[in-house]
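Produce the complete structure using the sequences and hints provided.
Which chain is which? The protein sequence lines are A and B, in order.
Taking numbering that gives the first Met the number 0 as reference, the numbering of the first sequence is continuous, increasing by one, and the terminal residue is 279.
Taking numbering that gives the first Met the number 0 as reference, the numbering of the second sequence is continuous, increasing by one, and the terminal residue is 307.
If you're looking for bench data, these hints aren't it; they were derived computationally from the structure.
Idealized CB from N, CA, C, for every residue including glycine.
Be a bit skeptical, because a hint or two may be false.
Claimed, not checked - One side of the interface only, derived from the structure: several residues of chain B facing chain A at Cβ under 10 Å:
{"hint": "1", "residue": "Pro51"}
{"hint": "2", "residue": "Val156"}
{"hint": "3", "residue": "Ile157"}
Said to hold, decoys possible - A short list of chain A residues far from chain B (calculated; beta carbon distances all over 10 Å):
{"hint": "4", "residue": "Ile23"}
{"hint": "5", "residue": "Gly50"}
{"hint": "6", "residue": "Arg57"}
{"hint": "7", "residue": "Asp67"}
{"hint": "8", "residue": "Ile167"}
{"hint": "9", "residue": "Val185"}
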Amino acid sequence: MGQDKTVSERLWALAIWAAVIFFIVNFMAMIATVVINSFGTRWLGTWLPAGYTVRWYRSAWDEFQLGDVLITTFQVVGAVVLLSGLFGVPAAYALARRNFPGKQFVMLLFLLPLMIPPITFGIPLATVLYQLGAGGTLWGVIIANLVPTVPFVILVMIPFIEQIDPRIESAARVFGAGTGQLFVYVLVPLLAPGILAALLLVLVRTIAMFELTFFTAGPDSQTLVVALYYAVYAAGVRAGQSIDAMAVIYMITTLIWLLIALRFVDPTQMVARAKQEAAR
Amino acid sequence: MTHTADRLARAAQESTRERTPWRVRLALHDIDGITLLVVPAVLFVLGLFVYPFLYGLVLSFKPRAGDFLANYRKFFSDPFLYDTIFATLRLALPATIINVLVSIPVALRVRKLHRRRLLTTILVIPITLGTVLIAEGLLNYLGPQGWLNRTLMLFGVISAPLRLVHNYTGVMISLILSGFPFTFLLTLSYITGIDASLEQAAATLGATARARFRHIVLPLLVQGLAVNFCLSFVQTFSVFPSAVLLGAPAGDTRVISIAAYQAAYEQYDASMAAAIAMIMGFVQLTVVVLALAGRNLFYRGAAGGGKG
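What follows is the structure, encoded as structure tokens:
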């Protein structure tokens, strides 16, 4: 192929690349404005700020109690990652290896929290959590965030588990390993890349998860994204530069984790993984 | 009480007596220790997803005042409330359709690249930024003194700054920006899942790129695109932060989630908030079901060699 390209095909390809470049350029410029503004002294009606400073980072740190917010964020994210792994991986294993009656129903049960936007189930969920006394607390935020992440881990892990040869597990069984030992010595090491990928994605998702945290968080249990929302919402009360400094901190926090995640998993293979392996 | 205790004791006795057959019989249905590993997660979803949802449903029929349908009647008789459905759909549907349609040609190009990973990474970054940060960035970038307006004025494309934020356009741009990477990734993974030899075979037989796309790629892709549409729609449907920050939350971007939020956290009417949440869920599921039903119609048409 390649040589039989007509003029219209070439133009079409050109148009697509132009669109992609336009998207990326604008997107990068948008990020650049945030970063530059966070270092700028005064930026009114010019291309670039009048001077540069780092004092907005200190003021963001003080004004928004960023230290506390970051600690809360890491507590929430850490607990969500750990618990969704503990709930999700064994369940995914059961679903990948057994064909019990009602399996279709269970799969649907896990699909629903992903097919319904968090903003829809967040409000009734927050009502229930407030009635139980968990609303406004750190645990309330963690529990609410687990609702979409547990099913997410399960659905991501099933194909990973299906790739493992069940004969390895049978061999372990023959040598007398129980289910617990099977997990610790056989499955977890073999599944490590998959578990790592799934949990990193959970981590990135949870840092960015706005709605569920917004509905369930009290003043002491805000995560970074919710604190950022309140800052932007009340823009004018605080210097725009210090909001942008906070946005940059947020961006760096998620970006680091995303880049780590991308080292372990090619996101395009989430769906087509099995097929590609078969083709090779 | 004693009666139940008796029955439980007898049941326990029976089960110990028939222990082996029971286990074997269950194992024949693939129920054993391994299967039980699914139980904690199931209980979790039942307790924290299904129960709150049913609770919300019941709560929505227990309004502060009036009969059990009062909340729904109020919602559908007040244009300030029911118009939020259309405001949401006016944003979510075009944004989703644009994202899905644009992702197809881009994914078809990208699939042939060698440095796919780099481009994919660049395109994935917006996912991590989250809607709030994108809103903040766009407020800077698209504002009257932002770089976009400055550039356009520098080249004389426009004479006065365009109004791009605090209105419908701003929210739409942010939905496309934050939604496209996700949509693109899904489309790319579906397209790379299509066996390349099918297309090569068609090319050998002299099919043009356009014909190959219409008769081979598209029919195979439709299933994936429908799922992709649904997942992207779910994301764009909750436009809450961008609609508040970038839009006109009292005007044409007053989406249904704003109405629900106001009922819950400004009027403290949990029952009304639950009713709006139920309506939200219903509207969203209706669109998803229509999309999945439409997939079948479309699929038959394309497979029969009709227009694609």
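Hint check results:
no., hint, in the structure
1, Pro51, "holds (4 Å)"
2, Val156, "violated (14 Å)"
3, Ile157, "violated (16 Å)"
4, Ile23, "violated (6 Å)"
5, Gly50, "holds (18 Å)"
6, Arg57, "holds (19 Å)"
7, Asp67, "holds (19 Å)"
8, Ile167, "holds (15 Å)"
9, Val185, "holds (13 Å)"
Consistency note: the structure conflicts with the earlier hints numbered 2, 3, 4.
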